[in-house]
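Enquirer: If you want the building blocks of each chain, they are given just below.
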Amino acid sequence: MLLEVQGLEASHGDLLALRGLDFRLEAGRTLAIVGANGAGKSTLLRCLAGAHARRCGRIHFEGKPLEGLAAHRVAALGISLVPEGRRLFASLSVEENLLLGGQAGRPGHWNLQRVYDLFPRLAERRAVQVTKLSGGEQQMVAIGRALMANPRLLLCDEVSLGLAPVVIHELYGHLARIRAAGTSLLLVEQDLGRALGASDELLCLTEGRIVLAGASASVSREQVAAAYFGLAA
Amino acid sequence: MSAWLDILVQGVLLGGLYALFAAGLSLVFGVMRVVNIAHGDFIIAGAYVALAAGTALGGHPVAGALVSMLALGAAGYLLQRLVLQRAIGGGVLRAVLVTFGLSVILRNGLLLVASPDSRRIDAGAIETMGFSLGGGVRVGVFPLLVLALAVGVILALQWLTYRTAFGRSLRAVAEDPDTAGLMGVDAQRVFALAMAIALAIAALAGTCMGIRTTFDPAAGPERLLFGFEAVIVGGLGSLWGTLLGGVCIGVAQGIGAHIDPDLQQLAGHLAFLAILALRPAGLLPRREDA
Numbered sequence: 000m001l002l003e004v005q006g007l008e009a010s011h012g013d014l015l016a017l018r019g020l021d022f023r024l025e026a027g028r029t030l031a032i033v034g035a036n037g038a039g040k041s042t043l044l045r046c047l048a049g050a051h052a053r054r055c056g057r058i059h060f061e062g063k064p065l066e067g068l069a070a071h072r073v074a075a076l077g078i079s080l081v082p083e084g085r086r087l088f089a090s091l092s093v094e095e096n097l098l099l100g101g102q103a104g105r106p107g108h109w110n111l112q113r114v115y116d117l118f119p120r121l122a123e124r125r126a127v128q129v130t131k132l133s134g135g136e137q138q139m140v141a142i143g144r145a146l147m148a149n150p151r152l153l154l155c156d157e158v159s160l161g162l163a164p165v166v167i168h169e170l171y172g173h174l175a176r177i178r179a180a181g182t183s184l185l186l187v188e189q190d191l192g193r194a195l196g197a198s199d200e201l202l203c204l205t206e207g208r209i210v211l212a213g214a215s216a217s218v219s220r221e222q223v224a225a226a227y228f229g230l231a232a
Numbered sequence: 000m001s002a003w004l005d006i007l008v009q010g011v012l013l014g015g016l017y018a019l020f021a022a023g024l025s026l027v028f029g030v031m032r033v034v035n036i037a038h039g040d041f042i043i044a045g046a047y048v049a050l051a052a053g054t055a056l057g058g059h060p061v062a063g064a065l066v067s068m069l070a071l072g073a074a075g076y077l078l079q080r081l082v083l084q085r086a087i088g089g090g091v092l093r094a095v096l097v098t099f100g101l102s103v104i105l106r107n108g109l110l111l112v113a114s115p116d117s118r119r120i121d122a123g124a125i126e127t128m129g130f131s132l133g134g135g136v137r138v139g140v141f142p143l144l145v146l147a148l149a150v151g152v153i154l155a156l157q158w159l160t161y162r163t164a165f166g167r168s169l170r171a172v173a174e175d176p177d178t179a180g181l182m183g184v185d186a187q188r189v190f191a192l193a194m195a196i197a198l199a200i201a202a203l204a205g206t207c208m209g210i211r212t213t214f215d216p217a218a219g220p221e222r223l224l225f226g227f228e229a230v231i232v233g234g235l236g237s238l239w240g241t242l243l244g245g246v247c248i249g250v251a252q253g254i255g256a257h258i259d260p261d262l263q264q265l266a267g268h269l270a271f272l273a274i275l276a277l278r279p280a281g282l283l284p285r286r287e288d289a
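First to last, the protein sequences are chains A and B. Mapping to numbering that gives the first Met the number 0: the first sequence position 42 is 41, numbers consecutive. Mapping to numbering that gives the first Met the number 0: the second sequence position 153 is 152, numbers consecutive.
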């Protein structure tokens with residue numbers, strides 16, 4: 000089992016953002032997490048990446064407990080996050096952002112050349128400050144930067160946010176190729192159709208609880224929509 | 000005319016020393032957004048360590064400087080890991096108060112260990128060596144060496160920051176420590192190494208100062224002030240700006256001293272205020288702050 004989460008709870012100040020989550024993910028699979036704003040999706044990803052302290056519960060990654068590990072240690076174990084809003088380093092060039100992602104020094108498939116093969120447009124703009132790139136290109140840098148750490152599990156927090164549909168389509172094509180290279184994915188996505196189409200399994204979160212879980216192929220849009228709005232379990 | 004040329008040259012040479020005072024301050028501020036109030040006292044401590052180590056090692060000031068740089072570098076690493084790290088992230092004031100406390104402790108600690116007497120570091124013949132540039136301008140070899148060291152330190156910091164993997168982490172952590180952590184960068188280690196480098200430079204600056212002038216345990220805050228003015232005049236976070244800022248303060252002090260020896264320090268402060276009023280971002284502001 001790649002990832003095993005048991006009874007995970009986390010809070011923002013006094014507000015309980017995650018109220019006891021249990022789920023698992025096998026290696027090589029893609030899990031999509033959907034839910035309304037404030038359902039706890041980003042908090043969950045940040046907990047998994049070690050950037051948000053949990054209140055209680057356990058997270059095992061490849062059998063190892065992640066309790067109390069700082070984000071940089073979790074990254075070294077093979078979990079990389081593409082954060083919401085991209086969070087690129089504006090003072091660094093495209094290439095420097097990518098190289099920074101590789102600083103964890105994990106060996107594996109991904110290196111600078113392979114990332115440039117995946118995103119040829121970034122190779123052309125390698126010396127440019129990231130602030131000068133388009134939104135889609137910035138998202139490519141964010142994904143490439145996370146890949147440079149050669150993660151076993153790649154966490155993507157709303158990679159399609161604020162991008163044009165044609166760019167989103169292109170990005171999801173890239174995610175399929177990343178998957179084919181053997182990386183497991185955990186996708187947080189607002190677009191239900193995208194989430195169902197790109198994943199093997201799906202979780203729906205409402206107010207910090209899992210209200211629906213199942214294989215993406217067997218879940219209907221209506222079921223998810225009902226769970227999404229808290230109408231049914 | 001040649002008198003003014005001489006003032007200019009001596010001011011630039013003095014500015015090299017001020018740039019050395021300021022380089023570590025500039026680095027720590029640039030990376031951690033922390034103003035290290037104890038920086039001046041670390042410069043003085045560095046001078047004392049260099050004096051003691053140099054004497055113990057047979058009176059060679061270079062050996063003293065190296066020991067002092069290693070000792071303060073190690074102290075900086077531990078200080079950041081064990082003390083200052085706890086103060087980061089709790090607002091600007093917390094770190095300022097902690098380093099202010101450190102400054103008081105260091106000053107009184109030095110008083111206890113080293114007595115309040117003025118001391119200086121003996122560097123032998125190089126202290127009085129010099130050559131004439133003509134027109135009544137004489138350049139001391141040692142002040143020129145200090146200026147060259149300052150340029151070398153700035154060059155090295157520039158290279159470290161913009162050309163190495165460590166520098167990449169440094170800039171990333173300075174911009175967004177949270178995301179840098181997610182990318183596998185240990186921000187606390189980067190901070191500690193930056194503080195180690197800053198205090199090693201402070202030790203070098205202290206040794207140079209101790210050879211040029213006398214010093215005593217209470218001389219720290221004034222060195223901090225000169226260094227701080229150099230950083231602000233040059234533009235926060237800009238390394239070359241720090242060198243330029245040091246030279247500006249040095250030249251202004253030289254002009255002041257020429258008018259009346261009592262005016263030396265006041266002239267430096269007035270130049271600082273004037274530049275702050277005309278160019279609040281400093282002479283060479285960083286692009287993103289411009």
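Treat the hints with care, as some may be off.
Sample of chain B residues facing chain A (criterion: CB under 8 Å; computed from the structure) [what the hints assert, rightly or not]:
id : residue
1  : Arg170
2  : Thr178
3  : Gly180
4  : Glu221
5  : Leu224
Here's a subset of chain A near chain B, in silico, CB distances under 10 Å, partners left out [unchecked claim]:
id : residue
6  : Arg45
7  : Arg72
8  : Arg105
9  : His108
10 : Met147
Quick look at which bits of chain A chain B covers, simulated, 3 or more residues with Cβ under 8 Å [stated by the list, open to error]:
id : region
11 : 88-97
12 : 215-226
No lab work stands behind these hints, which were simulated from the structure alone. Since this is a predicted model, take the numbers as computed values, not measurements. Note that beta-carbon positions come from the ideal geometry of N, C-alpha and C, so glycine has one too.
Enquirer: Against each hint, give a clear statement of whether it holds in the structure.
Expert: Evaluated hints:
1. Arg170: holds (5 Å)
2. Thr178: With Cβ-Cβ at 4 Å, under 8 Å, it holds.
3. Gly180: holds (4 Å)
4. Glu221: violated (33 Å)
5. Leu224: violated (29 Å)
6. Arg45: holds (8 Å)
7. Arg72: Where the cut-off is 10 Å and the nearest Cβ of chain B is about 8 Å from Arg72 of chain A, the hint holds.
8. Arg105: Nearest chain B Cβ about 8 Å off; hint holds.
9. His108: violated (17 Å)
10. Met147: holds (8 Å)
11. 88-97: holds (count 5)
12. 215-226: This one is violated; 0 residues, fewer than the three required, reach chain B with a Cβ under 8 Å.
Of the numbered hints stated above, those contradicted by the structure are hints 4, 5, 9, 12, listed in ascending order.
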